[in-house]
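Student: Quick mapping for you: the protein sequence lines, in order, are chains A and B. The UniProt record's numbering numbers the first residue of the first sequence as 1 and each following residue consecutively. The UniProt record's numbering numbers the first residue of the second sequence as 1 and each following residue consecutively.
Hints listed in this document are in silico derivations from the structure and should not be mistaken for laboratory results.
Reference listing, derived: stretches of chain A covered by chain B, where coverage requires no fewer than 3 residues with Cβ under 8 Å from a Cβ of chain B: (1) 80 to 92; (2) 118 to 130; (3) 167 to 175.
Sample of chain A residues with no beta-carbon within 10 Å of chain B, all distances over it, derived: (4) Ala266; (5) Ala271; (6) Arg316; (7) Phe317; (8) Pro319; (9) Leu368; (10) Ile379; (11) Leu410; (12) Val542; (13) Pro583; (14) Pro610; (15) Val691.
Here are a few chain A residues that sit away from chain B, every Cβ distance over 12 Å (derived from the structure): (16) Arg3; (17) Gln153; (18) Val260; (19) Asp318; (20) Gln369; (21) Ile386; (22) Pro426; (23) Ala626; (24) Gln743; (25) Arg760.
On a predicted model such as this, the values are computed, not experimentally measured, just so you know. Beta carbons are placed, not taken as given, at the ideal position from N, Cα and C, and that holds for glycine.
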Amino acid sequence: MTRAALQALLSHWLRSPFQLAMLLAGLALATALWSGVQALNAEARAAYATAENLLGDGTSAQLESPSGRMPEGEFARLRRAGWDVSPVVEGRASLGDTRVTVLGIEPLTASSGGTSAELVTPDLTGFLAGVGFAHPRTLNEIGTSQPDLRPSQAIPIGTVLMDIAQAQTLLDMRGHITRLTLAPVQRDGLTPLNTLAPDLRLVAPGDGTDLAGLTDSFHLNLTAFGLLAFTVGLFIVHSAVGLAFEQRRTMFRTLRALGVPLRHLALLLAAELALFAILAGMAGLALGYLMAATLLPDVAATLRGLYGAPVPGTLRFDPVWALAGMGMTLAGTALAGGQALWRLWRLPVLAPAQPRAWAHAGARSLRLQGGVAVALAIIALILAQINGGLITGFALLAAALLAAALIMPLVLAGGLALGQRLARGPVAQWFWADSRQNLPRLSLALMALLLALATNIGVGTMVSSFRTTFIAWLDQRLVAEVTVTPRTPSEARALQNFLQTHADATLPMQRIDARLAAQPGQVYAMKDHATFRDNWPLLDAVPHVWDRLAAGEGVLVNEQLARRAGLRPGTATLEMPDIGVLPVLGVYSDYGNPLAQATLGLDRFTGAWPDTPVRQFALRSENPQALITALQDEFGLPGNQITDQAQAKALSLAVFERTFLITGALNVLTLSIAAIALFAALVTLSGMRLVQLAPLWALGLTTRRLAALELGRALVLAGMTLVLALPVGLVLAQILLAVINVQAFGWRLPLQFFPADWARLAFWAGLAVLAAALLPAWRLWRHGPHQLLKVFAHEK
Amino acid sequence: MKPCLAAFATALLLTAAPAQAQGFAGLGTTAEDFSVPERGRELTFPQDHGAHPDFRIEWWYLTATLTGDDGQDYGAQWTLFRSALQPGEAAGFASPQVWMGHAGLTTADSHFAVETFGRGGTGQAGVTPDPFSAFIDDWHMTSRAGPDSDPYDRLHIHATGHDFSYDLTAQAQGPLVLHGDQGYSVKSQGGQASYYYSQPFYDITGTLHLPDGPVSVSGHGWLDREWSSQPLADDQAGWDWFSLGFDDGHRMMGFQLRGAQVFTSGTWIAPDGTATPLPPDALEFTPLGSARVAGRDVPVRWRIDWPEGGVSITTEPLNPHAWMDLSVSYWEGPLRFSGSHTGRGYLEMTGY
Numbered sequence: 001m002t003r004a005a006l007q008a009l010l011s012h013w014l015r016s017p018f019q020l021a022m023l024l025a026g027l028a029l030a031t032a033l034w035s036g037v038q039a040l041n042a043e044a045r046a047a048y049a050t051a052e053n054l055l056g057d058g059t060s061a062q063l064e065s066p067s068g069r070m071p072e073g074e075f076a077r078l079r080r081a082g083w084d085v086s087p088v089v090e091g092r093a094s095l096g097d098t099r100v101t102v103l104g105i106e107p108l109t110a111s112s113g114g115t116s117a118e119l120v121t122p123d124l125t126g127f128l129a130g131v132g133f134a135h136p137r138t139l140n141e142i143g144t145s146q147p148d149l150r151p152s153q154a155i156p157i158g159t160v161l162m163d164i165a166q167a168q169t170l171l172d173m174r175g176h177i178t179r180l181t182l183a184p185v186q187r188d189g190l191t192p193l194n195t196l197a198p199d200l201r202l203v204a205p206g207d208g209t210d211l212a213g214l215t216d217s218f219h220l221n222l223t224a225f226g227l228l229a230f231t232v233g234l235f236i237v238h239s240a241v242g243l244a245f246e247q248r249r250t251m252f253r254t255l256r257a258l259g260v261p262l263r264h265l266a267l268l269l270a271a272e273l274a275l276f277a278i279l280a281g282m283a284g285l286a287l288g289y290l291m292a293a294t295l296l297p298d299v300a301a302t303l304r305g306l307y308g309a310p311v312p313g314t315l316r317f318d319p320v321w322a323l324a325g326m327g328m329t330l331a332g333t334a335l336a337g338g339q340a341l342w343r344l345w346r347l348p349v350l351a352p353a354q355p356r357a358w359a360h361a362g363a364r365s366l367r368l369q370g371g372v373a374v375a376l377a378i379i380a381l382i383l384a385q386i387n388g389g390l391i392t393g394f395a396l397l398a399a400a401l402l403a404a405a406l407i408m409p410l411v412l413a414g415g416l417a418l419g420q421r422l423a424r425g426p427v428a429q430w431f432w433a434d435s436r437q438n439l440p441r442l443s444l445a446l447m448a449l450l451l452a453l454a455t456n457i458g459v460g461t462m463v464s465s466f467r468t469t470f471i472a473w474l475d476q477r478l479v480a481e482v483t484v485t486p487r488t489p490s491e492a493r494a495l496q497n498f499l500q501t502h503a504d505a506t507l508p509m510q511r512i513d514a515r516l517a518a519q520p521g522q523v524y525a526m527k528d529h530a531t532f533r534d535n536w537p538l539l540d541a542v543p544h545v546w547d548r549l550a551a552g553e554g555v556l557v558n559e560q561l562a563r564r565a566g567l568r569p570g571t572a573t574l575e576m577p578d579i580g581v582l583p584v585l586g587v588y589s590d591y592g593n594p595l596a597q598a599t600l601g602l603d604r605f606t607g608a609w610p611d612t613p614v615r616q617f618a619l620r621s622e623n624p625q626a627l628i629t630a631l632q633d634e635f636g637l638p639g640n641q642i643t644d645q646a647q648a649k650a651l652s653l654a655v656f657e658r659t660f661l662i663t664g665a666l667n668v669l670t671l672s673i674a675a676i677a678l679f680a681a682l683v684t685l686s687g688m689r690l691v692q693l694a695p696l697w698a699l700g701l702t703t704r705r706l707a708a709l710e711l712g713r714a715l716v717l718a719g720m721t722l723v724l725a726l727p728v729g730l731v732l733a734q735i736l737l738a739v740i741n742v743q744a745f746g747w748r749l750p751l752q753f754f755p756a757d758w759a760r761l762a763f764w765a766g767l768a769v770l771a772a773a774l775l776p777a778w779r780l781w782r783h784g785p786h787q788l789l790k791v792f793a794h795e796k
Numbered sequence: 001m002k003p004c005l006a007a008f009a010t011a012l013l014l015t016a017a018p019a020q021a022q023g024f025a026g027l028g029t030t031a032e033d034f035s036v037p038e039r040g041r042e043l044t045f046p047q048d049h050g051a052h053p054d055f056r057i058e059w060w061y062l063t064a065t066l067t068g069d070d071g072q073d074y075g076a077q078w079t080l081f082r083s084a085l086q087p088g089e090a091a092g093f094a095s096p097q098v099w100m101g102h103a104g105l106t107t108a109d110s111h112f113a114v115e116t117f118g119r120g121g122t123g124q125a126g127v128t129p130d131p132f133s134a135f136i137d138d139w140h141m142t143s144r145a146g147p148d149s150d151p152y153d154r155l156h157i158h159a160t161g162h163d164f165s166y167d168l169t170a171q172a173q174g175p176l177v178l179h180g181d182q183g184y185s186v187k188s189q190g191g192q193a194s195y196y197y198s199q200p201f202y203d204i205t206g207t208l209h210l211p212d213g214p215v216s217v218s219g220h221g222w223l224d225r226e227w228s229s230q231p232l233a234d235d236q237a238g239w240d241w242f243s244l245g246f247d248d249g250h251r252m253m254g255f256q257l258r259g260a261q262v263f264t265s266g267t268w269i270a271p272d273g274t275a276t277p278l279p280p281d282a283l284e285f286t287p288l289g290s291a292r293v294a295g296r297d298v299p300v301r302w303r304i305d306w307p308e309g310g311v312s313i314t315t316e317p318l319n320p321h322a323w324m325d326l327s328v329s330y331w332e333g334p335l336r337f338s339g340s341h342t343g344r345g346y347l348e349m350t351g352y
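So here's chain A without its partners, still in its complex pose:
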């Protein structure tokens, strides 16, 4: 009996292979997008963990000097006092054909916690004698000139691990170290560190460069996108499952009448769904993996550019990820198919076998839907007033989008009613009335379309607004014609002497790492110069800000810091390490920087941290090309250490574009899924609508006319949806710019409008809708008479 029942149930899919394909495609796409995004996130997080585990930094406190370096004698001094510390030297250096982060450790005293210990211990003598380790990709970039480097996947990309003595030589830091790592367990009764080394700062474990924390917002963004795509995919599944249920009503009744118990039948249907979920889930996982592997290089580039996070560009396969993705698919299928099963459960044995519209929304349920939409809108308004962080921001987004989606059928119904009132002639009146009649059956697919379109508009507006602002900001920030990066402190001194006569102005870039308002941050020095006075992108400032800054009377802070710590120029103050409390003189925009930043006048800076090396010189020159040539001739500087303004801008823009490349890709995918959802709904509807269309045909309307009317309806509905999507998208953009961005990155951007983008989107969306409506219309046109006749023959 079970076998016969199962055969009967499955035979439906054989007769409707297209429906089956729709169901499987919907599930597979939803799974692919969701799991693809998860794979990207997991890979990035694994890379952060690699970086943290290298020295066991997650568990060890660090001792740092505000100037970024200390004499190596500090190490011996603390060891002789009984403290279990190990020195680390870290810095950037040219190695072979590239620049890398050189990480020098002292393996004899290093704590055994980090992965570096596992690497070094098997051949300690070799390591001490100069053998280093780097990621295979880094080795490729370095080239063959460094035979003493061995490959290791445990090293973050762009980092070279070596013995401290080698690192000191490479970084020109002989006699100095960057910081001291404290072993997690220290002996009792030692002289306290603040007595022993009052100049050194103790940084608690995980406080330094918390990549996971910094990049959280980025990953939350990705997750939200993945979830949105998943939801849209579930719309497809819901349509397909609901339709299959409706079409098999007769079969259910017959099976029940033949004695199949209800529980049994429900179980069989659930098993069928689960089977589809597993099949589609596996396909989706494969797709998702492909998608993630394709997008990962860009995501990696984004994370490196935005946060300096070392993420490799190649994807590994993780079974946990696959299981989680499959679980999500099963749960999603249960959610999308649950309604059908529930209705089966409540189906009376002798229920009429008439197929009824599956989501038959009466006036009452429409009112209910409207009520929920209004409630959600109110919640969104309340959430907009709360400054509650990123999660609140996303809740606000979700509430606003959902409210818009739920209210849409009501608005469409109103629009169609208006159309009906304005219509003249019987066919036109039928057209509008029939559209209203069918709206409930299409509304889910239209909601999916609305979500996809609104997201497209919202995210597109956000990105374009960002790009416009960012380009203007780059022009303000990158005024210097040439930037040169000295390789060593001695080269910096030589450069400074040389540049005094060769450049119109030499603006040294010096900085120290510091904690500002309890956040990881940096303090920069700024020379008093017209370059900054005329161009620096100040968002807010006290009067005479530049004079006061030059006089050392206060600090400038970046927008991120100002927002997070609530600093307003004129009233706020900031505690500066080694200096004390200084008034905040101004706030400047600082896009693309995850860290808090403060800027001091050069004299005040060098007074507090006299030994800080110059990391970069920004140079003003009438003839930048001649200056670059002179620098190359005089110092033999390689190309990557001299950057002209155009290069710098191009580089920044490239980072920017790559940042949003993934956004664009996800946008396209979401829209495609919405188109498929609409396609599924239209195709299923076209099968059921024969009953309604047959009488019109019998009255004399040609199948060609009928097909054109069907096409026209799809376009009208899609057009109305697009018109609705525009304001929803702009609200979304405003939320992204004013709430999500501020929470995630710390900067707020002005909303700008890009009608050309909307027109382009309208065109593509129209094309997608047309493509979705074309097949059902074409089928009606080609096979019409024969099928329409059948309606009467079956006396449905």
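Based on the hints, put chain B in the right spot on chain A.
Tutor: Leaving out everything else, chain B in the frame of chain A:
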């Protein structure tokens, strides 16, 4: 020969081997790059109390048999090992000198062991000849001798781990003793040798800080100084080394190197410091009973026979489980002996 040192050196040499095979310059795993001990070179003090960076391995090794004011027996060990990746010294972290400190403390029912590492050049670890101090981290063995006496005549010793520490003062009651041929000590039939001398006549007082609280102790101590560049013969797998203080005032150092052939050697020291080198095979070592320690069988009870000297004694460890469970692991602990003579001493065993 103090086996542990050799074990330490062996460990470093073993890891160096693949590097050498890959041709990394300057590792100098062949003894030719280092100085080698020469018969007939006269040891001079206090200079030779300091480090010899041109030799591959060296150590300052103090053991003490102690009795607490609670009447219990204790043993303490303090060692600083030096192992050079290349001959010579360089400033800062570029120094090729690797230092390792070991400290042990033995009671009848507990054994504590701790180690620490460092490299020369930075001031974290090393030996300064004048004033004499051997140190690593906050451990040290520092001379407190007067200006006209040998720096080793009076030493202060300190070491500390997470669960124990000790402070000891060692006062020499006799002269330095040169082993072998005026300090040139042969280690195998193949001719491997080291420079080797001792100060076996210390009276020791001090305090042990144990988890249960401090204990005042007094007793006797023995300082070994040895340096060399030649690894042991290929087939020599382990050592059993004894330093013995006889109740009648004599001292005896004796060891056997276990290989294809067993190589034994020793020194008989009169109460006035007169040293008599014992020729190879003059001493016989017979294991009498073993204990299961750290997953292996270690012979912790021995009979030692020196027929020509009329010595036939049986040793009994204070704690059979005196295993130094460190990067380089070995057995090292205090003992009492009886038989033809009675007294206390220290035993070190490696290669088990």
